[in-house]
Amino acid sequence: MGPEVVALAPHAAGLRRDEQVERWALLGLSAPALVLVLVTMIAPVAWLFGLSFLADDGSWSLEHYRRMVEQPSYARTFGVTFKVSLMTTALCILAGYPLAYVMSQLPRRVATLCMLGVLLPFWTSLLVRTYAWLVLLQRQGLINEWGMALSWWDEPLALVHNLTGTLIGMVHIMLPFLVLPVLGAMRAIDADYLKAAANLGASPSRAFWSVFFPLSFPGLLAGTLIVFILCLGFYVTPAVLGGGKVIMVSNHIANDIELFFNWGAASALGAVLLVLTLAFLLLAHRLLRLDKVLGGGHGL
Amino acid sequence: MDPRSAVPIAVRGLRKTYGPVRALDDVDLDVRSGEFLTLLGPSGSGKTTLLMVLAGFIRPDQGSLKFGAEEVIRLAPHKRDIGMVFQNYALFPHMDVAANVAYPLKLRGVRAPEAARRVEAVLQTVQLAGYGARRVDQLSGGQRQRVALARAIVFEPRIVLMDEPLSALDKQLREHMQIELRQLHNQLGTTTIYVTHDQREALTMSDRIAVINGGRIMQLDTPQAIYERPANRFVAEFIGESTLLKVTIAGDRCECAGQVLRVAQARAAPGSAVLMLRPERLRILGATEAGTAPESGQNWLQAQVTNVVYQGDSVLVQARLADGSSVNARGVAGRDTLAALPQPGQPVHFGFSVADTVVLADGA
Numbered sequence: 001m002g003p004e005v006v007a008l009a010p011h012a013a014g015l016r017r018d019e020q021v022e023r024w025a026l027l028g029l030s031a032p033a034l035v036l037v038l039v040t041m042i043a044p045v046a047w048l049f050g051l052s053f054l055a056d057d058g059s060w061s062l063e064h065y066r067r068m069v070e071q072p073s074y075a076r077t078f079g080v081t082f083k084v085s086l087m088t089t090a091l092c093i094l095a096g097y098p099l100a101y102v103m104s105q106l107p108r109r110v111a112t113l114c115m116l117g118v119l120l121p122f123w124t125s126l127l128v129r130t131y132a133w134l135v136l137l138q139r140q141g142l143i144n145e146w147g148m149a150l151s152w153w154d155e156p157l158a159l160v161h162n163l164t165g166t167l168i169g170m171v172h173i174m175l176p177f178l179v180l181p182v183l184g185a186m187r188a189i190d191a192d193y194l195k196a197a198a199n200l201g202a203s204p205s206r207a208f209w210s211v212f213f214p215l216s217f218p219g220l221l222a223g224t225l226i227v228f229i230l231c232l233g234f235y236v237t238p239a240v241l242g243g244g245k246v247i248m249v250s251n252h253i254a255n256d257i258e259l260f261f262n263w264g265a266a267s268a269l270g271a272v273l274l275v276l277t278l279a280f281l282l283l284a285h286r287l288l289r290l291d292k293v294l295g296g297g298h299g300l
Numbered sequence: 001m002d003p004r005s006a007v008p009i010a011v012r013g014l015r016k017t018y019g020p021v022r023a024l025d026d027v028d029l030d031v032r033s034g035e036f037l038t039l040l041g042p043s044g045s046g047k048t049t050l051l052m053v054l055a056g057f058i059r060p061d062q063g064s065l066k067f068g069a070e071e072v073i074r075l076a077p078h079k080r081d082i083g084m085v086f087q088n089y090a091l092f093p094h095m096d097v098a099a100n101v102a103y104p105l106k107l108r109g110v111r112a113p114e115a116a117r118r119v120e121a122v123l124q125t126v127q128l129a130g131y132g133a134r135r136v137d138q139l140s141g142g143q144r145q146r147v148a149l150a151r152a153i154v155f156e157p158r159i160v161l162m163d164e165p166l167s168a169l170d171k172q173l174r175e176h177m178q179i180e181l182r183q184l185h186n187q188l189g190t191t192t193i194y195v196t197h198d199q200r201e202a203l204t205m206s207d208r209i210a211v212i213n214g215g216r217i218m219q220l221d222t223p224q225a226i227y228e229r230p231a232n233r234f235v236a237e238f239i240g241e242s243t244l245l246k247v248t249i250a251g252d253r254c255e256c257a258g259q260v261l262r263v264a265q266a267r268a269a270p271g272s273a274v275l276m277l278r279p280e281r282l283r284i285l286g287a288t289e290a291g292t293a294p295e296s297g298q299n300w301l302q303a304q305v306t307n308v309v310y311q312g313d314s315v316l317v318q319a320r321l322a323d324g325s326s327v328n329a330r331g332v333a334g335r336d337t338l339a340a341l342p343q344p345g346q347p348v349h350f351g352f353s354v355a356d357t358v359v360l361a362d363g364a
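If you read the protein sequences in the order shown, they are chains A and B.
Each residue of the first sequence is one higher than the one before, counting from 1 in the working numbering.
Each residue of the second sequence is one higher than the one before, counting from 1 in the working numbering.
There may be inaccurate statements among the hints.
List time: in silico DSS-like cross-link candidates among lysine-lysine, alpha-carbon distance up to 25 Å [to be verified]: (1) B/K79 <-> B/K66; (2) B/K66 <-> A/K195; (3) A/K195 <-> A/K83; (4) A/K195 <-> B/K79; (5) B/K106 <-> A/K195; (6) B/K79 <-> B/K106.
Note that these hints are calculated values from the structure, not bench results.
For reference, chain B alone in the conformation it holds in the complex (with noise of 0.2 Å):
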């Protein structure tokens, strides 16, 4: 597919009220040109409206949506050449698997020798070369997933629109398709909006992720950010796993239970704040090095363990501080770290850098 094809999506005071709920509230989005962009958010976030906004089976109340320099706010679905993966798959029970893909071909007039060509190319691009013949109920779930795929993008659409296609597949499928779509998506080069409630999924294949919850994006960034630097509580919350603490905070450092330590980001009016430590990013400190003080650059908290819990691959030890909130410290469960593991009831020194001492403004 020829990138330039691919266009930009902009995305301007978009709303959508049901009743008194705002599916969408006043929402701006920039998707760049040929941009993997996955749109996270729990269960009604308001993100699979957006996604249905864009592809026109939703009628917002107002707002604008561009794709390029064309407005399509009011454009019917049928004209907006949008490739879209549905959740179901919504592959056509009464037609093959080569009549599924072949059909938005026959739409747009394609003739049927080199419609037969393109179907044949797309099914070996999403690895199903040779099974053009079958009856889709014939078919795996995985195999569905890329039928459904192939029938979205064999027409080389503007834009690729994906709603959750991978929640019906087993872990380990869900897994390796999401490496196989992100390698798609590279040789492809088409602009795709990818919806998903899970975390690990967005991290894995977005170039950005905009969080979103209450119909509103809470973030957008590189998945890297979105996880080290969180703009607020909500993102912190439900991204990943995270330790949220209260502090009061005066310039680059932050008191938290009676520990003082550095934070990341300086900031000029003291007041209390939340702090979050991401699990995996605190090690347990030897009895000597606890005895010191932390070098530049380090955090050292101490707390009480009360529960280790070992997990297969990581082990989670739990403490509690002085102030009685708990910190959950993670670690690989390798055979070193597995004998020297503290017992509950005895006190133990975490250590982390203060990059990872992120303070997030107290409230939301």
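Excised from the complex, chain A in its bound form (with noise of 0.2 Å):
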């Protein structure tokens, strides 16, 4: 390299070779993460569905995915799987927005205290907690003796054992992955957006749905489809409150394995609820530009 290029485009070569050096470190600095997730998840979820296209004699066959179009069980248990999950969502939906929204409007001290009781299930394991419902809500329990012994009903309530305790359960479990991102969503709305409507003319009621509710979407929306996937692989809760009754994707999962041994019909099973998940997400990308509403570009 002669002097006279030096002297048009000086340390140009040395500059370049800093910027590769600093995105090879910063590959390097990822590589961890990247080994453990390849590891722990993208491993096992393949091993996973290869086993699903083994038959129990050890040779290729759509024998499982076959025998799940046949059997009408398992169309009703992926029925059972989407209709707990949806139930389950919309009463985290009706019961969550209002709770934020209250939060969202207290003083900041009360706020805090408010936080800590919706985190308070965080705190305990979850097996606990779906036992502690058992212990409340069983024939014996607390609330059908309180129920009785104040006389507002005569015979012990169905609330466990049955689609009501499951119900009871996974909403109370899955109550603050619907608040946090909600919460989250109305801290940011500026308290001048709501004046500026009342102040061209909309009342309080109109100034909500025209103006708050609408920004806080973004927070309902991540709120929602949190909730509704992790409810498509829920296990523990449905065992216990469901009483055999309810039998979710994952819980046929767990039959095929510990009752049957079955690995290749487990495996088929987890790879179509994977797939269904994803097609729900996909569908959902679809129809509300999730990129857009998640991805915060709304603000200012």
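Hints are included, so try docking the two chains, each in its own frame, into the full complex.
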């Protein structure tokens, strides 16, 4: 390289090399995380996916998938899974959105206390909480005994070992996953937007629906998706509070493995659930343009 | 807009307390119909509180507020029919420009074609024709400001309130918008109340200025009267540059650091007072002139130069009187002025008109 070239573009080659070194360093730093994801997530899923195509005698076959289509119990399982997930999500929205709204309007200190209450479920194991509901809801449980002692009802209500019990338990566990993103979105809404709406002639309810709700919608959507997807794969609560009457896909998978040692069938179920979940996300993405809504591109 | 729809505003005995602090201390204020009135004061003076009470966002403890003949003190904000421009504009981020501007029309049941026509017309007025489909986050600060203004006037409100609407803009754009806003007001004739802490902005734009401090109106007058004849020490210090000197007054004369000056307004009771001099009203006398006695209508003050500061468009001469108090004089930095500037340490004679020799009550 002649001296006149150096004069035209001083240090160009060196600066370019610095940039490359920086890029490799960045890749090097993220390598452990990439390997971890590969080993703990991608590989097992791929392995299970492979298993689902193996027949009991070890040959390749679509046997497990064929059975899924032929036996009505599988369709019923998927039906129950989506029904329970949808109902849980709907109940979470009905309970969680107003709760988040109240919390967003409270003074900071009170809101922090409420937040502790919302996060309380996270402090104990999911299993413990689920059994706690069993204690509360069963025939001789606290709620039935008090209800009858106060003569609100005469016969013990069937609150557990059925759909009702499953829903109560799942809503309780899922609620924080809805409240947190919704509250985050609500906190980010500038109070001046609502003042501006009022100033321009909007009644409080009109201002809520035309300004507050649309601005909180991305948070609601995020929470709804999280809750719904978590519900699809839920196992413990339906197993304990459903009393064998609420068979969701994950319970079916467990049965296949624990009772029939049929890893192939279980893997096939898992694969279908994964594909259905992805399909659902894709549909939501198409319908709601998730990238725009969740990308936060709406802000000022 | 029909100027007949503008209304006067009457504020009586308005009080708002936060704990022991009176944010509004029994405020009385009359705003004339179609007037551009500015609430000017330092931060925490209560000017924004007053504006928020007018808009209905802050509920006062007591007092009366009338738009025209109508008592509105207990009226909900959305029923007051006021256009407001917020400090941060508060444009709805989930609506495009046209939807933002059409929002108040939609609430008033204006049909879509008519609303679209009015939106386009008002965007034309604020020089944003053709911007209707833009998203709010695609606009510059100045454009957002105009959209906020368009949204506040599109429904032809009786009153327009503006809360420091230009404070987020850079200096050049701010000065441009000041003139533009004022022209728009002349065109629309709506009663307008404008809040700012920027005294130059207030002087530039207003029909009248209400200087506010400590929840009270210190002075309400035209920009010229506020500047030339401040009612008290606070106004004198807050508006413009000023030199304040302790004097003793008797009749139409006062004594300042051993020198006798004639004052603009004679006062019967003798005693101590505060003399206010505006630096740009003082001129430096030449050597020959300084040797003679001042003509009638003129005052002369002798001092010693301590510092000369070149500031581009002007030059500041700082000087000290015999009693140690300092006096500032500001001159346009022309070539002649710069050549004839006194040096620090030299004696200097300042000449100024008796009309500019303003004496204020001592104390607040």
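Here is how each hint holds up against the structure:
Straight-line distance between C-alpha atoms of B/K79 and B/K66 comes to about 14 Å, which keeps the hinted pair within the 25 Å bound. In summary, the hint linking B/K66 to A/K195 is supported, as the alpha carbons are separated by about 21 Å, within the 25 Å threshold. Taking the CA atoms of A/K195 and A/K83, the gap is about 41 Å. The hint is violated against a cut of 25 Å. Under the criterion of a C-alpha separation no larger than 25 Å, the hint pairing A/K195 with B/K79 is consistent with the structure, at around 13 Å.
Between B/K106 and A/K195 the alpha-carbon distance is near 17 Å, which keeps this suggested pair within the 25 Å criterion. For the proposed pair B/K79 and B/K106, the alpha carbon gap of about 15 Å is at most 25 Å, so the pair holds.
Violation of the numbered hints given earlier is confined to hint 3; every other hint is satisfied by the structure.
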